[in-house]
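K.L.:
Sequence:
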Amino acid sequence: MKLTSKQYAHVLYTLLKNSPKIKHKSILKNFVLKLNRDRALKRKNDILYALSVLIEAENKSLSGVLYTAHEISKSEASEIETKMAKILGVNSTSLTLEKNEELLGGFKAVFDEYTVDASVLNNLLALREILIS
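This note's numbering runs 596 ahead of the 1-based position in the sequence shown.
Keep in mind that the hints were calculated from the coordinates and are not lab data.
Only a predicted model underlies this, so the values are computations on that prediction, with no experimental measurement involved.
Heads up, some of the hints might be wrong.
Stated by the list, open to error - Below, a list of computed lysine-lysine pairs in the DSSO-like style, where the Cα atoms sit at most 30 Å apart:
| # | residue 1 | residue 2 |
| --- | --- | --- |
| 1 | 625 | 638 |
| 2 | 704 | 682 |
| 3 | 670 | 630 |
| 4 | 640 | 621 |
| 5 | 602 | 638 |
| 6 | 613 | 630 |
| 7 | 621 | 679 |
| 8 | 621 | 656 |
| 9 | 656 | 679 |
| 10 | 656 | 682 |
| 11 | 682 | 695 |
| 12 | 619 | 679 |
| 13 | 638 | 621 |
| 14 | 704 | 613 |
| 15 | 656 | 617 |
| 16 | 619 | 598 |
| 17 | 638 | 679 |
| 18 | 617 | 640 |
Said to hold, decoys possible - Ranges between beta-carbon positions, derived for each pair:
| # | residue 1 | residue 2 | range |
| --- | --- | --- | --- |
| 19 | 708 | 611 | 43 to 49 Å |
| 20 | 616 | 721 | 20 to 26 Å |
| 21 | 724 | 637 | 34 to 40 Å |
| 22 | 622 | 651 | 17 to 23 Å |
| 23 | 602 | 696 | 27 to 33 Å |
| 24 | 709 | 626 | 31 to 37 Å |
| 25 | 693 | 629 | 26 to 32 Å |
| 26 | 612 | 727 | 15 to 21 Å |
| 27 | 629 | 657 | 25 to 31 Å |
Heads up, the beta-carbon is just placed ideally off N, CA and C, and yes, glycines get one too.
Sequences and hints are given; from them, build the entire structure.
P.N.:
Here it is, written out as structure tokens:
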């Protein structure tokens, strides 16, 4: 029977969650051997992504990218992460910082399922739509 990447991820997640940490190394080794036997190693990235989605769902945590027009301090980034977690109703968020000068100011936080756009560019585009209509 051929398993999907999500099914492999769910199996690994369940095994790791329900076993003591001391057994995790052997579980991971056996899991990789199983993937090799099933000729599924080429799908490792899809499996790892599905596993990260399961872990984030369990921890009610989201990861994404924070685009800013200029560099911001770690404390500012941390404050934005905290506010994003509150807005999105999760325990925490983890944002990778990237610079995007096209935003002109403000920020844009992009998660898998959500985008929070608080950029000057977005506000100008919204104003343009109002003025045109």
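K.L.:
Look at each hint and say if it fits the structure.
P.N.:
Hints, one by one, checked against the model:
A hinted pair counts as satisfied when its Cα atoms are at most 30 Å apart, and residue 625 with residue 638 qualifies at roughly 16 Å. Between residue 704 and residue 682, the direct Cα distance comes to roughly 16 Å. Compliance with the 30 Å bound is thereby established for this hinted pair. A C-alpha spacing of about 42 Å is found between residue 670 and residue 630, which places the hinted pair above 30 Å, so the restraint is violated. Restraint check: the Cα-Cα separation between residue 640 and residue 621 comes to about 17 Å, which is no more than 30 Å; the hinted pair holds.
For the proposed pair residue 602 and residue 638, the alpha carbon gap of about 14 Å is at most 30 Å, so the pair holds. As the CA atoms of residue 613 and residue 630 are separated by approximately 18 Å, the hinted pair is consistent with the 30 Å bound. About 36 Å separates the Cα atoms of residue 621 and residue 679, which puts this hinted pair outside 30 Å; it is violated. About 25 Å separates the Cα atoms of residue 621 and residue 656, which keeps this hinted pair within 30 Å; it holds.
Under the criterion of a C-alpha separation no larger than 30 Å, the hint pairing residue 656 with residue 679 is consistent with the structure, at around 15 Å. At most 30 Å may separate the alpha-carbon atoms for a hinted pair to count; residue 656 and residue 682 meet this at roughly 11 Å. Only pairs whose Cα atoms come within 30 Å are accepted, and residue 682 paired with residue 695 is accepted, the gap being roughly 24 Å. For the given pair, residue 619 sits about 37 Å from residue 679 by alpha-carbon distance, which is inconsistent with the 30 Å threshold.
Note on residue 638 and residue 621: the hinted pairing holds, with a Cα-Cα distance of about 21 Å set against a maximum of 30 Å. Distance hint between residue 704 and residue 613 is unfulfilled; the C-alpha atoms sit about 34 Å from each other, more than 30 Å. A C-alpha spacing of about 22 Å is found between residue 656 and residue 617, which places the hinted pair at or below 30 Å, so the restraint holds. A hinted pair counts as satisfied when its Cα atoms are at most 30 Å apart, and residue 619 with residue 598 qualifies at roughly 26 Å.
With a C-alpha separation of about 38 Å, the suggested pairing of residue 638 with residue 679 is violated against the 30 Å cut-off. Distance restraint check for residue 617 and residue 640: the Cα-Cα separation of roughly 22 Å lies within the 30 Å cut-off, and the hinted pair is therefore satisfied. Taken as a hint, the range 43 to 49 Å is violated for the pair residue 708 and residue 611, whose Cβ atoms sit roughly 25 Å apart. Checking the proposed 20 to 26 Å range against residue 616 and residue 721 shows it is violated: the Cβ atoms sit about 53 Å from each other.
At about 50 Å, the CB distance of residue 724 to residue 637 disagrees with the hint of 34 to 40 Å. At roughly 20 Å, the beta carbons of residue 622 and residue 651 sit within the given window of 17 to 23 Å. Taking the beta carbon of each, residue 602 and residue 696 are about 32 Å apart, inside 27 to 33 Å as hinted. Restraint check, residue 709 to residue 626: a C-beta distance of roughly 33 Å satisfies the suggested window 31 to 37 Å.
At about 38 Å, the beta-carbon gap between residue 693 and residue 629 misses the expected band of 26 to 32 Å. In this structure the hint that residue 612 and residue 727 lie 15 to 21 Å apart at CB is violated, the actual value being about 55 Å. Between residue 629 and residue 657 the CB atoms are about 30 Å apart, so this pair conforms to the stated range of 25 to 31 Å.
The structure fails to meet hints 3, 7, 12, 14, 17, 19, 20, 21, 25, 26 from the earlier list, while all remaining hints are met.
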